[in-house]
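> Take a look at the letters that make up each chain.
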Amino acid sequence: MARDNETLLELYRLMVLTRRLDGTIAEVDGHWHGLEGEEGVVAGLYHGLREGDAVAPHYRGSLTAAYAKGADLRRLLAGAAGKATGYNEGRYRSDVCGPPEFKMIGLYSGALGPPLGYATGAALAFKLDGSENVALAVFGDGTSSRGDCHEAMNLAATLVLPVVFVCQNNQVAISTTDRVGGAVADRAKGYGMPGLAVDGNDVLAVHDTVQEAIARARKGGGPTLIEALTYRVAGHFVSDAVEERPADEVAAWRERDPIAGFRGYLVAQGVSDEAMLDGIDAAAAEEVKTAMELASSDPEPGPEALGLDAVFA
Amino acid sequence: MPRQTFQEACVSAIAEEMRLDDDVFIMGEDIGAFGGPLHSTKGLWEEFGASGRVIDTPISEGTFVGAGVGAAMQGKRPIVDLMFLEFLGLVVHQFGLDGGAMHYYSAGQARVPLVVRAKYGVGPFHGHAYDFHSWLLNIPGVKVVAPSNPVDAKGLMKAAIRDDNPVFFLEHMALYHAGREDVGEGDASVVPLGQADIKRPGGDVTIVASALMVKRALTAADSLAAEGIEAEVVDLRTIWPMDEETVLASVQKTGRLVVACEAVKTGSSANEVVALVAEKAFADLKAPIVRVAPPRIPVPFHRDLEKLYLPDADDIAEAARGLAGS
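Protein chains in written order, with the numbering used here: chain A, 443 to 755; chain B, -6 to 319.
Hints listed in this document are in silico derivations from the structure and should not be mistaken for laboratory results. Being a predicted model, the structure only gives us computed values, none of them experimental. Ideal Cβ placement from N, Cα and C applies to all residues, glycine included. One thing to keep in mind: the hints can contain errors.
Here are the computed distance ranges between Cβ atoms for each label pair [said to hold, decoys possible]:
id: 1; chain 1: B; residue 1: P288; chain 2: A; residue 2: R687; range: 44 to 54 angstroms
id: 2; chain 1: B; residue 1: P234; chain 2: A; residue 2: D571; range: 28 to 38 angstroms
id: 3; chain 1: B; residue 1: E223; chain 2: A; residue 2: V753; range: 36 to 46 angstroms
id: 4; chain 1: A; residue 1: T732; chain 2: B; residue 2: A271; range: 51 to 61 angstroms
id: 5; chain 1: B; residue 1: P288; chain 2: A; residue 2: D571; range: 43 to 53 angstroms
id: 6; chain 1: B; residue 1: D14; chain 2: A; residue 2: E742; range: 38 to 48 angstroms
id: 7; chain 1: B; residue 1: N131; chain 2: A; residue 2: R621; range: 31 to 41 angstroms
id: 8; chain 1: A; residue 1: G589; chain 2: B; residue 2: L301; range: 30 to 40 angstroms
id: 9; chain 1: A; residue 1: V753; chain 2: B; residue 2: P288; range: 27 to 37 angstroms
id: 10; chain 1: A; residue 1: G589; chain 2: B; residue 2: N131; range: 22 to 32 angstroms
id: 11; chain 1: B; residue 1: A271; chain 2: A; residue 2: R687; range: 55 to 65 angstroms
Using the sequences and the hints given, assemble the complete structure.
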């Protein structure tokens, strides 16, 4: 697939920014659900969407998705801390529930699975409106066990809806491994839709595969299922110190770090040199630092934010 | 003015709104050429099928209600036919926990103009009788509607479709094909949500009810009148948001309250009426409040058992009679 340097560098920047965000929030939030090691999937998925496309992201990567859709980083970070300036005005957490004004479909409760149905419904709306917008429905290997996952794919397949399902398979559900029978991508055959497995630590492979599926969906070609295999180097959340997985396995995946790998690729291909990439790293770090400092000094919500009359539209 | 059954009134409300607004569409199981169970969508396929706005879904209640939520978030106005209320457990998460919370949690940015309709109730069809609507009263952000006659069914359905929030619309099967009324058309036929209706005025005792229990309360009121007791029958119509003003005004007038409900007595929506009156009109009461409701057992199958289970007009009249003497 033809790609311009701008796209390649933006994919790199999004990965770096995602990791920097991850580390910065982890410093202040012991319940932050980190995603170190999964940045290749996240950047590959969320770069290059149109304004009208809807996204139901995996919660690991939700902030990057909202940022890539145009949301303000300071407000997103303020929202993760429940500040008054966050998109949710302190009523909910923006780290898992992105702003709908950017077509983000959040986790409005802790249960995984139902957002796949909301994304499918967004795709139904797009089809009824005759628009070329698509919906991205992203879930983990853990959520792939939910009935919601099956129901959403079957509904999307039978109604030929413009939705791309992506399994961000980090090979662990909180602490549980080996609880997915067979490859998730293989399930696509049962729904009569294309099913593709891709190396989730290869940001380009993810991006190209998803963009192809999106292009097909925009033209009325229906849904696609993509399984992006990656590895959660981080724990389930920051304070979750118990690591059940073998140390050599974690170490081996650290060796396959998606950012280091892509950095090497960009230099080898002559897209960039080390100095330029260092510059991108520094700019991303500065952007995150500034946004975090501003968000940290933003006000806490006052009693008026409780919104006793705000539950109904 | 057409003479319509409850079922026909619901369908005509949907058809009128679909003609007015291209964003309105309907989906569910067997609602297309089949016409919907008990004719719940009869005629819609013929008129709107070609436009793609009458959608037969797979058997996936949670996800097609979820798809309704998702489409509503994008500006559509979906009506989801859930078939039966006993499937409520499959969709509470999508409809209630998430659908009801989105507007609040997004600080007003998300709107979920969704109607989920479901048939229920002890009636001629001998099955799918469970009345679980009370569950929904504990979920912020959702509205619950339970009409008792064709005119209200038409008007409330139109209002529900035009509402910008998730609305659960209950269609009682014992009322569904049980006689016709003159039903209005157009904007004039809309019945606003959140307004109770005094179906029969009276000064001695207030009977608050909804759906089938309104019909039975009216029968009870007839027999009470023959004994010289004038019962005022208040039809909630919208169970939530509840029309507190109408309920309180009636109790302040009569000083006596019977609440009739088809859901089991414990944790029921009837108790919300009781609590309201106990809190805000206690001094007006001349007698203790009485609840008339089924016992806390699953709906039994045999007709004789079913009859014992569900309060009838005699049960309601007896409760009112007991209060009227005090």
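> Confirm or reject each hint.
Tested hints:
no., hint, verdict
1, B:P288 x A:R687: 44 to 54 angstroms, "holds, 53 angstroms"
2, B:P234 x A:D571: 28 to 38 angstroms, "holds, 31 angstroms"
3, B:E223 x A:V753: 36 to 46 angstroms, "holds, 38 angstroms"
4, A:T732 x B:A271: 51 to 61 angstroms, "holds, 56 angstroms"
5, B:P288 x A:D571: 43 to 53 angstroms, "holds, 50 angstroms"
6, B:D14 x A:E742: 38 to 48 angstroms, "holds, 41 angstroms"
7, B:N131 x A:R621: 31 to 41 angstroms, "holds, 33 angstroms"
8, A:G589 x B:L301: 30 to 40 angstroms, "holds, 37 angstroms"
9, A:V753 x B:P288: 27 to 37 angstroms, "holds, 33 angstroms"
10, A:G589 x B:N131: 22 to 32 angstroms, "holds, 24 angstroms"
11, B:A271 x A:R687: 55 to 65 angstroms, "holds, 57 angstroms"
When the structure is compared with the earlier hints, no violation turns up for any of them.
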